[in-house]
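Starting from the structure of chain D, add chain U where the hints point.
Each protein sequence line maps, in turn, to chains D and U.
Sequential numbering of the first sequence, starting at 612, is according to the working numbering.
Sequential numbering of the second sequence, starting at 292, is according to the working numbering.
Keep in mind that a hint or two might mislead.
Keeping only pairs whose Cα atoms sit at most 30 Å apart, straight-line, the calculated DSBU-like set for lysine-lysine is [as the list claims (entries may be wrong)]:
1) U/353 with D/657
2) U/336 with U/353
3) D/616 with D/638
4) U/353 with D/616
5) D/638 with U/353
6) D/657 with U/296
In short, the hints are calculated from the structure, not lab data.
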Amino acid sequence: MLEGKAVIGETDMLQTMQQDATDLASKALDFFDVTEAIEIARFIKKEFDRMHGPGWQCM
Amino acid sequence: MLEGKAVVRETDMPEGMQSYVMELAHQALDAHEVSDCQSIAHFIKQKLDEAYGPAWNSVVGKDFGSCITHLCGSFIFFRVEMMEFLIFKDGKNFTESREEAIGVLQKARNCD
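Okay, chain U solo, but in the shape it has when bound:
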C-alpha cells in the first residue's frame, strides 16, 4: 500500500476526471501488491472504460519511456510515491489527438 499523495506531472484532463483517476490509483494500490503493476494498471483501465467509454490505456511502473497518441483531454501522467501512472484514451479521430513523449528513469529495475 502506498499512502502518498498523487503528484501530477503532466495532464490535459479536466479537474474532475483527474481526481477520479487518482482516486482509482489509490483504490488499486490498496487492493493490490505494489509489485503487481499489471493488476493495478488493469483495475484502472477497467474502471475508466466503464465510466468514460472504452479504449483507455493504463501503464503503471517505476522506470519506462513512452511515446503515445491520445485523445485530447484524456491524458494524465502522475506519480504516487515511487510509482508512475500514465493513463490516456485512444483517439481514433486524429484531428482530436495529440502526441506525447513521456517517461521517467530511475535506477530501480522494471517491474517485469
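Just chain D, same shape as in the assembly:
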C-alpha cells in the first residue's frame, strides 16, 4: 500500500475526471501490490472505459 498523495504532472482534464483518475490509482494501490504494474494499469483502464467510454490507455 502506498499512502502518498497524488501529485499531478500535467493535465487538461476536468477536475471531476482528474479526481476519478487519482481515486482509482489509490484504490488500485490498495488492491494490488506495487509490483503488479500490469494489473494496476488494467484496473484503471477498465474503470475509465466503463465510466468515460472506451479506448483509454493506462501506463
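Relative to chain D, chain U alone:
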C-alpha cells in the same frame, strides 16, 4: 547508444511495419542518450505519425505496466537490450481495436 538486436515480445503488425519501427528505435537510440526516454519516444511517435498517419503512441522505458486499446495491426512491444518499447496507434473505431495488457518489471528504477 544501444547496439543490441531488437527482440519482439508481442505484435500484430505487418512485417514491413515492424522492421520500420525497430529501425526508428535504433535511429532514436543513436541520436539520444539512453536515459532520455522521452526524446526517444517522441522521435518514434513523430516519424510514425508522418509515415502512417496520426495518433501513434510511443512508450519507452525499463520498468512499466500498461493496459491499452489499439487499432488492429498497429501494435508492437519489443526490447533493445534493457530498453522496452511499446508502440501502437489509437483506434477510434472500436470494432477494429483490441485491448492489450503489457508490461515488464525489472529492479531498475523508472526513467522519470
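- Query: Broken hints, numbered, in rising order?
  - Reply: 6
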